[in-house]
Amino acid sequence: MTTDSGAISDVAETSTPMSRAWRDPRFSPANLFRSYGGLIAIALLAYALLVWAPGELTPFRLGNLGKYCCWAIAAVGIGLAWGRGGMLVMGQGVFFGLGGYIMAMHMKLEATGPGEVPDFMSLYGDGTMPFWWEPFRNGAFTMVAIIVLPALISFLLGYAILKRGVKGAYFAILTQALAVAFSTLLIATIKQTGGFNGLNSFSSFFGQKLNKSTKQDIYLMAAGALIICLLIVWQLYRSRFGELLVATRDAEARVRFLGYDPANTKLIAFVLAAVMASVGGALFTPLVGIISPSNVDAAASIMLLAGVALGGRSTLMGPALGAIAVGYGQSTLSETYPTSWTYFQGALFIVVMLFLPGGLASLWTKLKGLMPTRSPLDRRPVSAALAVGAEAAK
Amino acid sequence: MDALTTPLLTGSATGAILLMAALGLTLTFGQMGVINMAHGEFLMAGAYATYLTQQVISGSGLSVLVAIPVAFLVTGLLGLLLEMSTIRWMYRRPLDTLLVTVGVSLVLQQLARDLFGAQGDPVTPPSWMRGSIEVAGYAWPHRQLFTIVLALAAVALLHAGLKRTSFGRRVRATVQNRELAETLGVTTRAVDRSTFFIGSGLAGVGGVAISLISGTNPTLGTTYIIPAFLVVVAGGVGQVKGTVIAAFAIGIATAFLTDWTSGSMAQVISFIAVVLFLQIRPQGLFTVRTRALA
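Protein sequence lines correspond, in order, to chains U and L.
Here the first sequence is numbered in our numbering, starting from 1 and rising by one per residue.
Here the second sequence is numbered in our numbering, starting from 1001 and rising by one per residue.
Only true hints are included.
With the C-beta cut set under 10 angstroms, the calculated list includes, among others, these residues of chain U facing chain L:
(1) 168
(2) 188
(3) 347
(4) 350
No more than 35 angstroms apart at the CA atoms, straight line, and that leaves these computed lysine-lysine pairs for DSBU-like:
(5) L/1241 x U/163
(6) U/191 x U/215
(7) L/1163 x U/167
Here are the simulated distance ranges between beta carbons:
(8) U/36 x L/1085: 37 to 45 angstroms
(9) U/116 x L/1262: 25 to 33 angstroms
(10) U/364 x L/1168: 42 to 50 angstroms
Calculated directly from the structure, the hints in this document are not laboratory data.
We put the beta carbon where it would ideally sit given N, CA and C, even for glycine.
Generate the whole structure from the sequences, applying the supplied hints.
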């Protein structure tokens, strides 16, 4: 009888969903944190950027923070492509610039007024507008173009490069060459793109006068876009695609033998990274009030990488936080010591890559590695350890 | 005729400079899988070495000739320092090496700016290099001819060194199969160091040629590093023959394109051309056949 009652109580216990959920190791606090901790981190950042910062910071500082957020958006994409996908993208400035210039063209045309031609075109050229400027008068077209154009270009380029199995350092060099080509092209086409000066002196943003409250709205859009990008990446990282991407990074040949085309996986990550960079650039232009080749050239692309490397390229929050930190460091250091910033940036690459390739995010695990640890056997309950010991003694 | 010879001749000189820049890159890339983004700054160091040599022995027409070994030694030692201090710790992480050397290049650039000023200094070519010779109606400056001779001499020396000397044999063995070379008694670490020394030194010699054409400049490295890498990519990594062909092809093609369109368009087109070329030959012009997974 006693055995019977025992059986019954067993059944009763397992059939209660609550208690089963509690016992199930999948739902242990540690595992829940592992699964949803990223969301908590994103929520904290969202609170800091969307609630705390607008109330606490002066408009000037808020504008600066918005600028860092734009870099951070691009950095999240780099984290996806480089950290998870193993593709060192050294030319994200190109896509940042595409978004930035598309937005700038629209705002420039808005500032110029209907039927008029932007001032620099009559200053440097013959006062006629290139035909491809015309569609950007339309706000809806501009917004679509900010997403579609970089996606298209990165797809074509990625398809050409990745499908032929060009990877590693070759890929990195080609993307950097792209950034160099893009900025030289911009500088050379002064009549069409404003050349070295870039595009500036805007007056309105989609019909709204560029005043303090509009600027705050644009800041909120930048911060919001950053949060959305983080959420997208968070979901991607826990999806099957995320697994495949990491697998492709770590053992491309094996992924191929399992029947996947690694080029497709990488291509998706590359295109997503490009679109994110473009969105960042598109919000950068109205916040800063200018976009010029120096915002998008090889040096700017490398600065984007610095933040990602510092924060931790393969982590969720590392790239975004790193980019904000590097942006902040650049504007404060370059104000007080203009030359030392370059040294600092160079040293940052050397030190991080040499000693902390996982970025600051890996600092904790590194430090933990220095502590004495218990062997996995010790972590089991004492009875289990004893049982193993007894087994071994036999 | 002039429209044909002028770009051909100036393009060959550009190609020669690219060749000297790319030789060192392809050597270190091919052997160690290391991408040295600071290589452009080694060119710059070579140019500054020429400038300083000329400050010490000014007036003498020999200063440029003296500068060649000086630049080779200076940049070679710089490269050795870089290898021994950082790169040797990260042979298994090529992409991270790339970024470390990006950091090094930023530091070296700023250092040059602080030491010599942002403006850059002129290097006066000696009198025997100032004239020009008439080639099919085009007055070809001696400087450009000198650049080509220098580059070809460097290639010939390197090629002979790799094929004929025992050191070259060790280098080739290390390139082809590092583990096997080690089991046969080659100290691959020592080979790595010497290769890095020579590769960096070659950049210094390239810097001498550049300084004669455009003087010194802190940003000199950034203008040459990407075209030089495109040469390496197009020519096939670790291939002297491929590098020579690709360097002259890109140099001459860029000169023609500059003639037809503009300097910046030429750069854009040559980038697209290299990407398209990789569609046909993803591994570059020449490759070492291996059984490794592509």
